[in-house]
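Student: These two chains come separately, so use the hints to put the complex back together.
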Amino acid sequence: MAAPAPPRPLARTVHSARERPARRRGRTRLELALLLGPSLVLFAGFVLVPIGIAVYYSLYSWNGFGPLTNFVGLQNYADAFGGAVFRGAIGHNVVIAVLSIVIQLPLSIGLALLLDRKLKGRTVLRMVVFAPYVLSEAITAVIWLLMLQPNGFVDELLRGVGLGGLVHQWLADPGLVLYTLFVVMTWKYLGFGIILLLAGLQGVPPELREAAALDGATGWQTTRHVVLPLLGPTIRIWVFLSVIGSLQLFDLVWIMTLGGPANASTTMASYLVDHGFKRYEFGFGSAVAVVLFAICFVFALVYQRFALRRDTAGALTRAVS
Amino acid sequence: MRPSRRFPLAALVAAAALVLSACGGGGDEGPAAASGPVTLTWWHNGTAEPVRSLWQQVADDYHREHPDVSFTVQPIQNEEFPTKVPLALQSATPPDLYQQWGGGDEASQVESGRVADLTSSVQGWIGGLGSTAQGWQVGGKQYGVPYVQHVVGFWYRKDLFAQAGITAPPTTMADFAAAVGKLKAAGIAPIALGGKDRWPDAFYYDYFAVRECSPQVLKDEIAAVKLQDPCWVKAGQDLQGFLATQPFQTGFNGTPAQQGAGSSAGLVANGKAAMELQGDWDPSTMSSLTDDKDLDAKLGWFPFPSVPGAAGDPAVLLGGGDGFSCTTRAAAACAGFLQYLTSTPVQKKIAEAGSGLPVNADAVASLKSESLKAVAEQTRKASSVQMYFDRAFPTAVGQALNDAVANLFAGQGNPEAVVQAVNQAATGNK
Numbered sequence: 003m004a005a006p007a008p009p010r011p012l013a014r015t016v017h018s019a020r021e022r023p024a025r026r027r028g029r030t031r032l033e034l035a036l037l038l039g040p041s042l043v044l045f046a047g048f049v050l051v052p053i054g055i056a057v058y059y060s061l062y063s064w065n066g067f068g069p070l071t072n073f074v075g076l077q078n079y080a081d082a083f084g085g086a087v088f089r090g091a092i093g094h095n096v097v098i099a100v101l102s103i104v105i106q107l108p109l110s111i112g113l114a115l116l117l118d119r120k121l122k123g124r125t126v127l128r129m130v131v132f133a134p135y136v137l138s139e140a141i142t143a144v145i146w147l148l149m150l151q152p153n154g155f156v157d158e159l160l161r162g163v164g165l166g167g168l169v170h171q172w173l174a175d176p177g178l179v180l181y182t183l184f185v186v187m188t189w190k191y192l193g194f195g196i197i198l199l200l201a202g203l204q205g206v207p208p209e210l211r212e213a214a215a216l217d218g219a220t221g222w223q224t225t226r227h228v229v230l231p232l233l234g235p236t237i238r239i240w241v242f243l244s245v246i247g248s249l250q251l252f253d254l255v256w257i258m259t260l261g262g263p264a265n266a267s268t269t270m271a272s273y274l275v276d277h278g279f280k281r282y283e284f285g286f287g288s289a290v291a292v293v294l295f296a297i298c299f300v301f302a303l304v305y306q307r308f309a310l311r312r313d314t315a316g317a318l319t320r321a322v323s
Numbered sequence: 229m230r231p232s233r234r235f236p237l238a239a240l241v242a243a244a245a246l247v248l249s250a251c252g253g254g255g256d257e258g259p260a261a262a263s264g265p266v267t268l269t270w271w272h273n274g275t276a277e278p279v280r281s282l283w284q285q286v287a288d289d290y291h292r293e294h295p296d297v298s299f300t301v302q303p304i305q306n307e308e309f310p311t312k313v314p315l316a317l318q319s320a321t322p323p324d325l326y327q328q329w330g331g332g333d334e335a336s337q338v339e340s341g342r343v344a345d346l347t348s349s350v351q352g353w354i355g356g357l358g359s360t361a362q363g364w365q366v367g368g369k370q371y372g373v374p375y376v377q378h379v380v381g382f383w384y385r386k387d388l389f390a391q392a393g394i395t396a397p398p399t400t401m402a403d404f405a406a407a408v409g410k411l412k413a414a415g416i417a418p419i420a421l422g423g424k425d426r427w428p429d430a431f432y433y434d435y436f437a438v439r440e441c442s443p444q445v446l447k448d449e450i451a452a453v454k455l456q457d458p459c460w461v462k463a464g465q466d467l468q469g470f471l472a473t474q475p476f477q478t479g480f481n482g483t484p485a486q487q488g489a490g491s492s493a494g495l496v497a498n499g500k501a502a503m504e505l506q507g508d509w510d511p512s513t514m515s516s517l518t519d520d521k522d523l524d525a526k527l528g529w530f531p532f533p534s535v536p537g538a539a540g541d542p543a544v545l546l547g548g549g550d551g552f553s554c555t556t557r558a559a560a561a562c563a564g565f566l567q568y569l570t571s572t573p574v575q576k577k578i579a580e581a582g583s584g585l586p587v588n589a590d591a592v593a594s595l596k597s598e599s600l601k602a603v604a605e606q607t608r609k610a611s612s613v614q615m616y617f618d619r620a621f622p623t624a625v626g627q628a629l630n631d632a633v634a635n636l637f638a639g640q641g642n643p644e645a646v647v648q649a650v651n652q653a654a655t656g657n658k
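Line by line, the protein sequences give chains A and B.
To convert, count from 1 in the first sequence and add 2; that's the working numbering.
To convert, count from 1 in the second sequence and add 228; that's the working numbering.
Chain B on its own, in the form it takes in the complex (with noise of 0.2 Å):
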């Protein structure tokens, strides 16, 4: 799952021992033997079932096949990896194999070099997850390996849809805009949004610009982190017109996403507003937030719509997935248990398990519901998946990005300020 940003009180813990680690020093271990024994400590984010067992039980069978391998398992909360992390990283004794999220974050916890470049380990068989992979990469060089992709698109209830008289999903913004009319005639909110929590409001901005902005400008002025062409500033005027259209839920700007049943997800889920830009974990967020045992069949997935007239392919999705990194001292080892992961059997457990997409496209059968089998489907078929810019910036930049989008939903700032904060957190200013 995508971090959900939730409060850490873990944040203030590891201010202390961010201060305190730094009184410890300590010498670095040296690399182990190529071969000979070797125990990775595994640090994950599925803390809950089914996926705490899941990875127990991938350790468990890879150590069988190969007993020179044991593991020492650690399910963290999600939450606590952007603190945990980089103290780890300078700490005498950081994981071996850990959660990475790929983009700006894993950049700068290369700067530590403690992060093992895999690229030689891997490249027999990377190609084989198709482009997902690149978004792990630094400089060209693969430093983490994905395990499941993510891509965000609208999840819509089929029973609301039909209520207000809409017959088949939207898929250009005209479309679009006549569907959340026809909801507002009949008394739906049209979308919800945890606009709290920031990053769902900008999913909106990245998907207008993936729409305004030619997949080369996309590349290019991102990897840079220098935004210069029109596009981006066309894309917050995109945004704010849509705004002005009013289409969120009331009191959108203090709902959480994903917390309780008067969050985002959960007034999808149980029927308060028909549609809701997300990623494809949101279903199993909001079966957990009602009572209907029929959920999935009511949900429905459509790709942002096109933006007549827009440079961009229309045909490209926004998302990002969750993978691994292995640290330096045992890295052969574990990239050879990266491999493990990508494989057909074990991405077949991961589908089933609904953590997220299979990057082996082998498993995508296995997914739990149909509209998964068809978000799979869409994200085969697009010309490729952006990586959600908070993740793509370094960290500091994507957040600003954040903040100056959140500030356009709050009705403050413009379009230009948007790319204004991006450029200037780029250079170092706050």
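Next comes chain A alone, as it looks inside the complex (with noise of 0.2 Å):
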């Protein structure tokens, strides 16, 4: 532990301080409103203000064109929530959500900890299960949509090893659609969470498994007593990411999809364009649009309370002393 800082240059700074306080705090108010005004600005105007407006949208029945006279007060909300498709859609996005934290947690921590063995050709191998998150989410909506086709890409490797009696109808069923776009959401963002979990491998002291080793520990011990809680942080930030990302699924259930058949895949966000554009009510799509943010908003709150705010407290020097 570095020794307490010695008291005379915070001595120094006070006094300077009270030496030229205006002249000080001018300067320091000129240095905020310089640094923060820019992006203070640009957050009010694209983020504060259009979910403002979202709000106040929310509250009429609006088709986009002419003036909002028609207020509705929160009819637009009740007819959400009082619509089967627009609950599903919600159960949808709870289901992709925990979906990613029972399979692709478990999935990304196991490849993690492999590649973060010393084998052969392991940057290749990095390289390659990362290579998906590079592509943008339309390309792999499109490369899949024409993969998972009857008779096409998926079914013949299926076919061709000898599985042929697993072939189904990936995206034509509405039983099994929404699994069907889990399995390519987690084909292209797998290398994102073992990415991020390498990282949070690199956090962890080699004495620490050294020392755990000494102590008798096996290998499983070590990894479960002494490298998983040090990647706690790295976990807790990947769930709030992963949980965030399935709350606002939209770019691959719209092109593969289109939320059907018979809104099977609907999440909250394709209902959002598919009743707020594609029908002109814009109203109700605002509603949707402020349901949606209410719904991450709180999450992101009540994880940043009670989640991760162990991270920010020290939990990992306290972990380690």
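Some hints could be false.
Now the stretches of chain A that chain B is said to cover, found in silico as 3 or more residues with beta-carbon under 8 Å [claimed, not checked]: (1) 63-76; (2) 139-152; (3) 261-271; (4) 279-286.
Straight-line Cα separation of at most 20 Å, EDC-like style, residue types lysine to aspartate or glutamate; simulated pairs [what the hints assert, rightly or not]: (5) B/Lys577 x B/Glu293; (6) A/Lys280 x B/Glu293; (7) B/Lys596 x B/Asp519; (8) A/Lys280 x A/Asp81; (9) A/Lys280 x B/Glu307; (10) B/Lys386 x B/Asp541; (11) B/Lys500 x A/Glu158; (12) B/Lys526 x B/Glu598; (13) B/Lys526 x B/Asp387; (14) A/Lys120 x A/Glu212; (15) B/Lys577 x B/Asp289; (16) A/Lys280 x B/Glu308.
Just a sample of chain B residues kept apart from chain A, beta carbon distances all over 10 Å, derived [claimed, not checked]: (17) Ala402; (18) Ala405; (19) Lys447; (20) Gln465; (21) Gly469; (22) Phe470; (23) Asp520; (24) Glu605; (25) Arg608.
These aren't lab readings, by the way, just hints derived from the structure by calculation.
Note that the Cβ used here is the ideal one computed from N, Cα and C, for glycine as well.
Tutor: Written out as structure tokens, the structure reads:
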């Protein structure tokens, strides 16, 4: 531990601040205005004001033409929650979020631990795993849409390796389509989780593993009780990004299924575009947007408060000492 | 081409723009003087050749003959129009001339007060386009003018029909069922359907309704957006009966209509399915999805079969068209240009470009293929062309209809639910 800072420099700062308070304060304010001003203007203009306007629009029945005259209060919200399709959409988002945590997370951790070892061709493997993440969502969706067509690449591949019995109507079966989409999402985002976790593994001091080994811990015990706890902050950030991403899921769904068949893969965002834009119901669409925002916002606040706070409070140092 | 309603990333950008444009405000420009030089901003969807060059050439030609009228031609992706136009009509500077498909969308746009009423400017010549132009009227006033017409019917492969032993295109639903049976027996997928996009599903419901409902019922109840006649439910029952014969390719609910060789158009183009219920644009869509250079010669067309005992007119076709609307700033100059677009020399060029059936009958001979000429001939003989329901209805109602029909195709819902979806959407219920 470093020795406590000597008091003198601190006193000098206080002293100088007392000497020229007005000028100093003026300069600080100028610096703040210069540094924060542009970003604050952008943040207000592109985030806060649009949110406010969306809330305002959401109280009207409005098709986008002419003035806002038909005030309907909270009717748009009632209609959204009253409709089975929107409730189903929320359910689909939740399913995707839960599946991500239950399936993608262990898979990412496992692969990251594997790729952290000294393997032959490790760099190549890492690149292969990470490659899908570099593709845009639109490209990913078009590629998979074509591969998943009946008798397409996926079906022929399965038949070619003797698994013809597994061939299904991947995108046309309402009971299956959401899980097909989840597999595509996993293909695309697994690499991101792995890279994040590999970075986290860099922060695990090798001395700790060495010490654990000297104490007679097995490989699994070291992983379970030393490595995983130290990966905590990375895992918590990954969960945060993953859940928010699941709630806002749009591109893949829109290109691959348009939310169909029979709304079996509708998400909140695809419902928003389908009912807001395609139907010229901008008031209703705004209400859906506000609901989507509120759900994400509440999740973010709660998660920050209860999960991420540990990281800012220095969970790492506590765990080490 | 009919908007294929593919995903526009632009929708999200436009969403942000919509929100932001509301802060802009801005005053109206006064209408331009009736005479004097004017520059028309023209938004069209001909982003691909040959239409892109065609429109530029038409604008240049018109400018040469009318030096007072110049153009700023802006080709815009087809899929962006549904989001860009509402924003533009709310802004201070909408385009003077823009792509217009008529029907319910147009009626919504007219509410903005920015779309020009062309009734008096076009009355001298609009009659020459026949009944087609009625689809671009709102409340009896002409707010847009079509330059090509579209009709929907069955495009089929003559080679596969011959292979299955079908000698003539079916004319009744009974013939049609027999043909489907023969194709299946020959191991050929009878019909390709792009069910992922939903609007191709609606063609089937639309056509059964056109066959089941009398022309008067169609006219009155679509205009009133209130479906009361039992024929609407009957159409849904016909459709369910038809679906029960399983005439479509495997996985039709997840198949896109126009994208890639695995799309419904691609399946027919590559001989993987025998027919498709689509618009007259289908051969040009297909030609880009296959290497087969002789495709046009292999394709034939027949109208949707008649339904025995139904009250509808079997000679009615389903369709629509592409047109343009003018905004109020330079409406007079714009209307003059629309007349030029429907003149025979320009219509011949449009027919040659293959973007649809010319609205001017004198240009039909310039169509590219024999099958398209046959379609134009059938269209001329048709007692009327009913606009696709999703366009004829207000936008929200049309989409609700498409969704309800798509549910039927996915084995959910029932014929009553389709009618109910329309009537509920018409009253503003989500």
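Student: CA of B/Lys500 to CA of A/Glu158, is that 20 Å or under?
Tutor: Measuring from Cα to Cα gives roughly 16 Å; hence the hint holds.
Student: So is the stretch 139-152 of chain A in contact with chain B by the C-beta rule, three or more residues under 8 Å, or is the coverage claim wrong?
Tutor: Held - the stretch 139-152 of chain A has 7 residues with a Cβ nearer than 8 Å to chain B, which meets the minimum of three.
Student: Holds or violated: are the alpha carbons of A/Lys280 and B/Glu293 at most 20 Å from each other?
Tutor: Violated, because 40 Å separates the two Cα atoms, which is more than 20 Å.
Student: Minimum Cβ separation between B/Ala405 and chain A greater than 10 Å?
Tutor: 23 Å, holds
Student: Evaluate the condition: distance from the CB of B/Glu605 to the nearest CB of chain A exceeds 10 Å.
Tutor: Answer for B/Glu605: holds, closest chain A Cβ roughly 35 Å.
Student: Hinted pair, alpha-carbon criterion (20 Å max): A/Lys280, A/Asp81. Please report holds or violated.
Tutor: 17 Å, holds
Student: At least three residues with a C-beta closer than 8 Å to a C-beta of chain B: is that true for the stretch 261-271 of chain A?
Tutor: As far as the stretch 261-271 of chain A goes, the hint holds, because 5 residues have Cβ atoms under 8 Å from chain B.
Student: Minimum C-beta separation from B/Asp520 to chain A exceeding 10 Å: can you confirm that?
Tutor: 19 Å, holds
Student: Take a quick look at whether A/Lys280 and B/Glu307 sit within 20 Å of each other, Cα to Cα.
Tutor: 11 Å, holds
Student: Just checking, B/Phe470 versus chain A, shortest CB gap more than 10 Å?
Tutor: Holds, since 18 Å exceeds 10 Å.
Student: Decide if the proposed pair is consistent with the structure: B/Lys596 and B/Asp519, CA atoms, cutoff 20 Å inclusive.
Tutor: Holds: B/Lys596 and B/Asp519 sit about 18 Å apart, inside 20 Å.
Student: Grab the minimum beta-carbon distance between B/Ala402 and chain A and tell me whether it stays above 10 Å.
Tutor: Nearest chain A Cβ is 29 Å from B/Ala402, so the label holds.
Hints 6 and 10 from the list above are not met by this structure, while the remaining hints are.
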